[in-house]
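Numbering (UniProt numbering), first residue to last: 1 to 292.
Among the clues, some could well be false.
[As the list claims (entries may be wrong)] With a straight-line cut-off of 25 Å between C-alpha atoms, the simulated DSS-like cross-links for lysine-lysine are:
hint	residue 1	residue 2
1	K206	K248
2	K129	K264
3	K276	K248
4	K191	K240
5	K36	K5
6	K22	K36
7	K197	K36
8	K264	K240
9	K197	K179
10	K275	K240
11	K264	K171
12	K197	K248
13	K136	K264
14	K276	K264
15	K275	K22
16	K248	K156
17	K197	K171
[Claimed, not checked] Restraint-style ranges between C-beta atoms, simulated for each label pair:
hint	residue 1	residue 2	range
18	N19	G137	27 to 37 Å
19	T184	E204	26 to 36 Å
20	Q92	E204	32 to 42 Å
21	S126	R104	17 to 27 Å
22	Q101	Q25	23 to 33 Å
23	K22	I96	22 to 32 Å
Derived by calculation from the structure, the hints in this document are not laboratory data.
All values derive from a computational prediction rather than experimental measurement.
Glycine included, every Cβ here is placed at the ideal spot set by N, Cα and C.
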Amino acid sequence: MIELKYSKDLEAVSRFIANMNKITQHHVGYCGINEKEILHTLLNDFSDFPLEESLVVAYENDTMIGVLGFDIDGNTRNAEIWGPFVNHDEWQQVSIMMWDQLVRQLPLSLNNAHGFYQIHNSNCTSFMKRLGATNKGEHLILTITRSHLQPSIEAKCEVAEMTSDEYDSFKLLHEEAFKHAYFTAEEIIEKINNGHKVFVASSEGKLLGYVFCEANPNFSEGDIHFIAVTPHARNRGIGKQLLNESLKFLFSFHEINEITLCVKRSNEAAISIYKKVGFEEEHQLVTYELTI
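Using the sequences provided together with the hints, build the complete structure.
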C-alpha cells in the first residue's frame, strides 16, 4: 500500500533525490546531484513556506518510492517543481497521488508552477502534458572545468566589480535582457558578498555589460547566473571578456573545479562564446509552465 506523508528524515530525502537525479531519464534541472548540497538547500533555501507544506514523500511498505516538492516564492506565488522523483513501476499513479496531495496542502493558491526536465525524462514530460502545462522552450546546461579553461583574451574595455554608482544602469540592462528572471536586479544587489559578484564592463563611464556569478566552495561548485551586453556593444568581445573575469574569480577558490551555466538553446551566439572559452554541453532541458 502506498502512503503519502512528510518525512523528517531529510538526509534520506536528499539521498533519494540525488540518486534519482544522476539518472538522465529522471533528471530535473532545478536540483543537483550532490546529496549534501540538496540537503543544505532543503534546510536553508527551499520555499518561503515550511517543508511540511512544500514537500510530500511516498512510501510503500516503509520504503521511500517518491518525492515531490514545490520551491515557492511567496511574493510572486510561483513555484519551481522538484520532481516528481519516482522509483516505482506505477510512475504516473504515484506522481498523481503526490501532486494531488501537495496541491491540497499548499498554504496559498499559486499563480504558476514551472518544470525543468531533461529531454530524455519522458515520464515527467508526459506528466506535464497530462496536467496541461505549456512548453516554454529548451535550454542547455553547460559546464567547464579548470583543465578545459582556454587562455584569456586581450582586454577590450575595463572590467571591474560593480559599484553603487552603477546600480541604476545595471538594473536597466538586467530588466531589459531578462524579462522574467529568477532573480530581480534588487535581489542580485542584495546578494553581493565575497561569494556573489557582479562584474561590469564599462567605457568612458558607460556600462556596456555585466555578469553575475556565485562561488559555492563548500560544494566545490560555481555558477554563472546572468550575463548581458548592451545592444550597441555586442560583437566586440565584451561578453567573452566578462565571462573570463567571472571564471577567473570562481576558479580562485581552490575547492571549485567545475562551473555551470544555463542558456537558451536558441541563443546560438552566446553558446558559441561559451564553447570557445571551454564550456561543454552537459544537459539539454525543456521548461514547462503550468497554471494551478
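Structure-based check of all given hints:
no.: 1; hint: K206 / K248; in the structure: 23 Å, holds
no.: 2; hint: K129 / K264; in the structure: 21 Å, holds
no.: 3; hint: K276 / K248; in the structure: 16 Å, holds
no.: 4; hint: K191 / K240; in the structure: 24 Å, holds
no.: 5; hint: K36 / K5; in the structure: 22 Å, holds
no.: 6; hint: K22 / K36; in the structure: 14 Å, holds
no.: 7; hint: K197 / K36; in the structure: 24 Å, holds
no.: 8; hint: K264 / K240; in the structure: 17 Å, holds
no.: 9; hint: K197 / K179; in the structure: 21 Å, holds
no.: 10; hint: K275 / K240; in the structure: 10 Å, holds
no.: 11; hint: K264 / K171; in the structure: 21 Å, holds
no.: 12; hint: K197 / K248; in the structure: 12 Å, holds
no.: 13; hint: K136 / K264; in the structure: 11 Å, holds
no.: 14; hint: K276 / K264; in the structure: 17 Å, holds
no.: 15; hint: K275 / K22; in the structure: 24 Å, holds
no.: 16; hint: K248 / K156; in the structure: 17 Å, holds
no.: 17; hint: K197 / K171; in the structure: 15 Å, holds
no.: 18; hint: N19 / G137: 27 to 37 Å; in the structure: 29 Å, holds
no.: 19; hint: T184 / E204: 26 to 36 Å; in the structure: 28 Å, holds
no.: 20; hint: Q92 / E204: 32 to 42 Å; in the structure: 59 Å, violated
no.: 21; hint: S126 / R104: 17 to 27 Å; in the structure: 22 Å, holds
no.: 22; hint: Q101 / Q25: 23 to 33 Å; in the structure: 24 Å, holds
no.: 23; hint: K22 / I96: 22 to 32 Å; in the structure: 25 Å, holds
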